[in-house]
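Engineer: Given next are the chains, with one letter for each unit.
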Amino acid sequence: MTLMTRKGIADLRSREEIRAERRKGRTGVYLIAPGMLVLALFFALPVLVLLAMSLYVKPEGAEIGEFVPGFEIGNYATVLAAYWPELLRSFGFALIATVLALLIGFPMAYLVAVRLREKSLLQGILLVLLIAPFFSSFILRTQAWKQILADEGFIAQTLKFLAILPADGHLTATPIAVVAGLTYNFLPFMVLPIYANLGRLDTRLLEASGDLYASPMTSFFKVTLPMSAPGVFAGTLLTFIPAAGDYVNAALLGNNRNTTMIGQVIDSRFFKVIDYPGASALSFVLMVSILILVTIYIRRFGTEELM
Amino acid sequence: MKQKIGRWFIPAVGGLAFIYLLVPIAYIFVFSFNDAGRTNLEWRGFTLSNWQNPCGAPAVCESLVHSLQVGTVATIVATALGTLIAIGLVRYKFRFRKLTDVLIILPLATPEVVLGASLLAQFLNLGWELGYTTIVIAHIVFCMSFVIVTVRARVSSLDPRLEEAAADLYASPRTAFWKVTFPLLLPGIVAAALLSFAMSFDDFIITNFNSGTFQTFPKFIYVAATRGIPAQANVIGSAMFILALLVVVIGQVISYRKKKQLENS
Chain Y
68 MTLMTRKGIA DLRSREEIRA ERRKGRTGVY LIAPGMLVLA LFFALPVLVL
118 LAMSLYVKPE GAEIGEFVPG FEIGNYATVL AAYWPELLRS FGFALIATVL
168 ALLIGFPMAY LVAVRLREKS LLQGILLVLL IAPFFSSFIL RTQAWKQILA
218 DEGFIAQTLK FLAILPADGH LTATPIAVVA GLTYNFLPFM VLPIYANLGR
268 LDTRLLEASG DLYASPMTSF FKVTLPMSAP GVFAGTLLTF IPAAGDYVNA
318 ALLGNNRNTT MIGQVIDSRF FKVIDYPGAS ALSFVLMVSI LILVTIYIRR
368 FGTEELM
Chain X
301 MKQKIGRWFI PAVGGLAFIY LLVPIAYIFV FSFNDAGRTN LEWRGFTLSN
351 WQNPCGAPAV CESLVHSLQV GTVATIVATA LGTLIAIGLV RYKFRFRKLT
401 DVLIILPLAT PEVVLGASLL AQFLNLGWEL GYTTIVIAHI VFCMSFVIVT
451 VRARVSSLDP RLEEAAADLY ASPRTAFWKV TFPLLLPGIV AAALLSFAMS
501 FDDFIITNFN SGTFQTFPKF IYVAATRGIP AQANVIGSAM FILALLVVVI
551 GQVISYRKKK QLENS
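Residue numbers (our numbering), protein chains in the order written: chain Y, 68 to 374; chain X, 301 to 565.
Just chain X, same shape as in the assembly (with noise of 0.2 Å):
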């Protein structure tokens, strides 16, 4: 009997912990199709007139092209120093290893509001102007811990002896790097270059304490919300949505091709 219950009781759980997690994501979804005017409150008819012209409402592609922007640009360098950071701690030894895992992990440790509010306190303090250049520093520091952990990971789950076998069979260390250490990282490194982007993209609270009048589409959303948000930010959620989801899933494909041809050989 007991066995039954529990038989049932993860899937029937399971399945409805996903619905409520998928229901705003679908509600997004179709009141991106919504004749909506200027509010997108109400269900008022079906139209496709928002997805053929997602740049319709003010304000929307502008803050939209801005967050693309900003989470290329703090992608890229956290995740260059991120990976820098975390080859460094697993292959060097070093006398402030303390010292440098509390400021890695520190990060991930403090609220996003007092990530934000300690910039905001240094960047008034320096009377720099927030806007564009302010929010991609914010952002680069809130995803280099994550860089970090996410390779890391990877590094000191490689073996060593990879890299010396490369060096006996004469490869510089240069070339046993680009050759033998970098390709095997490389997937650690393309999922934390992600996730920074994900989360870069996705922010509000830092942003909103270090942009000064500067808009991202976040932001904008959130500002929009008490007038009520035009569709076109549905369609653009809803873009992003369909975009990264081929993005995984692309991915996916790959790896198990990969794993099949492994298998094979």
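If we strip away everything but chain Y, and leave its shape as in the complex, we get (with noise of 0.2 Å):
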């Protein structure tokens, strides 16, 4: 009897919990739903989109910028014809500069994360340098680079009077103004991820390897690295993406066909040769390429902790 009695609350119980958790998953989609349907309609839907506007085929005799659905695949073998070296060198550009933010911010973040943990003044002051970019525009930022750097600038002209720089040479519009640019651009985003893993960097682990006479090299690459991996895997993404879609740093400071990448091909395909296909289809690689790319450096390296 009495089990049964204690059977039966058991049963009232677990039905007014399964109610209670089948209100809190309605009340999860109510919450869910807006921001996804925006997500649904103006991201997965536009690349739907995207992917059958790169099929679309020029009629016989049709105006400019006057294309009907179809299915030519054509189109991705023409403009990787055209376009592949402008493609390869926006990955080129993206890893470069990829590498050289990641030497330059990792320093940078040690020193604000662990070197002067214990004085915070400073520590908090570098840390609201670290972001001060964000606040400025990026377009203001790359054009002062650009006349920092331009031929009657100071640095141009001490380089060609040390004779490092030959005399009509330029620093501008060269394929090193553009690298440099695209490290500058995103070396926040490269810096600001390691800065917080080092952040719990625990020091006594690195005095405890060097108790055990690892040199600071070794204590650096056992301990150090291995502890901010995800923030430098992070960084790494956060910085290689955006940087091989960037076209501003290549056309304020490169602005040469050395120098050309592929988001200047896409602007320009799609305002000024009004070929939409070709853009959607040149659009298109990119994104999957970029995918591929960075799934399979996610696989090798990827850890649980990045989202």
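Worth double-checking, as some hints may not be accurate.
Now the in silico label distances, taken between C-beta atoms and shown as ranges [claimed, not checked]:
1. Y:Val340 to X:Thr526: 12 to 22 Å
2. X:Val523 to Y:Asn325: 17 to 27 Å
3. X:Val490 to Y:Thr145: 13 to 23 Å
4. X:Thr339 to Y:His237: 13 to 23 Å
5. X:Trp428 to Y:Phe368: 40 to 50 Å
6. X:Lys560 to Y:Ile359: 43 to 53 Å
7. X:Tyr320 to Y:Asp269: 27 to 37 Å
The set of hints was computed from the structure by calculation and includes no laboratory data.
None of the values given here were measured: they were computed from a predicted structure.
Each residue gets a CB set at the ideal place from its N, CA and C atoms; glycine is no exception.
Take the two lone chains, each set in its own frame, and fit them into one complex as the hints suggest.
Structural biologist: The following block contains the structure:
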């Protein structure tokens, strides 16, 4: 009898719990529905439209900008044959910029997060300076670099005086300027995640490895770097992905045929040439290649802590 | 010996990197005082006239107002929708979990030029006229993923027992949310909103694809760059920078004080 009642109560309870759970579930759907709808309508659907548009065909005797739905896979062959150098260059520039940003950014993050741990005022100031670039227009900053590196500017003149740069040489309109610009613009995206990870680094671990006769170099590679791996991982992704698609640096600091990046091509095929299928095909190729590269990278080096 | 190298290597490289980071910002600030005339390329002497008359150059302030409008609307909508998603995803169970995760993360792994191009393809297909509305939609989309990721981290770090405790003390779910959960989430929400606004305000590539003839501040500078940017743009850039810096410093001071209060009590 008592057993029955208890079972009855348990049943009752679980039913109530189930109802509560279900209600909870429905609340959850209400919470995420509006935002998810926006993402579906204005992210997922547009990507599918982009894919469809990349297969559009130009009918006989059509006006500029007139295309009809079709299934012209040849569009991809055409744009890839014409623009594979720009595509490769974009990935090359982005890769070099990512490595440079890591080499420059790691000491920065280490300086602020570990070395200045005891000096909270200086640490606070440098942290604010680290996010300072986010508060000023990146196009203005890129334009500032253009003027700083200009032929008549102080730096170019000095380098020419020291004969490091030939008298008719330039700093702007070179691949170096574009890569430097990319490195510059995405440096904070590299530093901040590494900073966040190094902030949790227990320096006693370094002392311990030193006590065990590890050289500072060994301690760095065996302790510091592995401990900051999730930050390095996030930072490299946050730098590489936008850098590969960027065209502001290439347009402002490069603007010649040796520096053209794929973003510039997509932009001009959309707006100057009015070749919607070609531009869509290139965009789609860029998106898929980045997804493939990122997936390989995540498989190879990925951590659970990424999200 | 090696240890000595390590001791100065980090501050030296880090210090140089900070200079690298800040040189263009200083340059923008200094050249906002340039007696430039139409093109602000060479130093022609100190003047305050640009600061006294920041709207002096044509279209500078108009584009600034446009950017502020777009940034405000996009931030409010993206923060609201993103926060709801973040709470929903952490606190509730769903069937299509994988799908929603992909929808949230994919925009972050997509370069801006592709986001811009795909939205443009959609708007062209729908026959929508490009302008204010299309920019706002585009900005909401790319800001929302950042809001979700930022706020979700905050929601996951919340202890659900706090809400249970509130319920035990006879708080209705609504009261528990507004009195307990929301105040704890607020710093994360504010951070996400600030991030959204900064990204929207500074965005060029996505805007360029979806704006038509609608001028925003970054677009204005990009177009002006070929002819020479008026010094007033430097004034506005510097003023925004100082303003944002003040906001951050005030925020830091407030959180520092709170920490002190907690330590003392």
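Engineer: If a hint holds in the structure, say so; if it doesn't, say that too.
Structural biologist: We went through each hint and held it up to the structure:
no. : hint                             : in the structure
1   : Y:Val340 to X:Thr526: 12 to 22 Å : holds, 19 Å
2   : X:Val523 to Y:Asn325: 17 to 27 Å : holds, 24 Å
3   : X:Val490 to Y:Thr145: 13 to 23 Å : violated, 49 Å
4   : X:Thr339 to Y:His237: 13 to 23 Å : holds, 20 Å
5   : X:Trp428 to Y:Phe368: 40 to 50 Å : holds, 42 Å
6   : X:Lys560 to Y:Ile359: 43 to 53 Å : holds, 50 Å
7   : X:Tyr320 to Y:Asp269: 27 to 37 Å : holds, 30 Å
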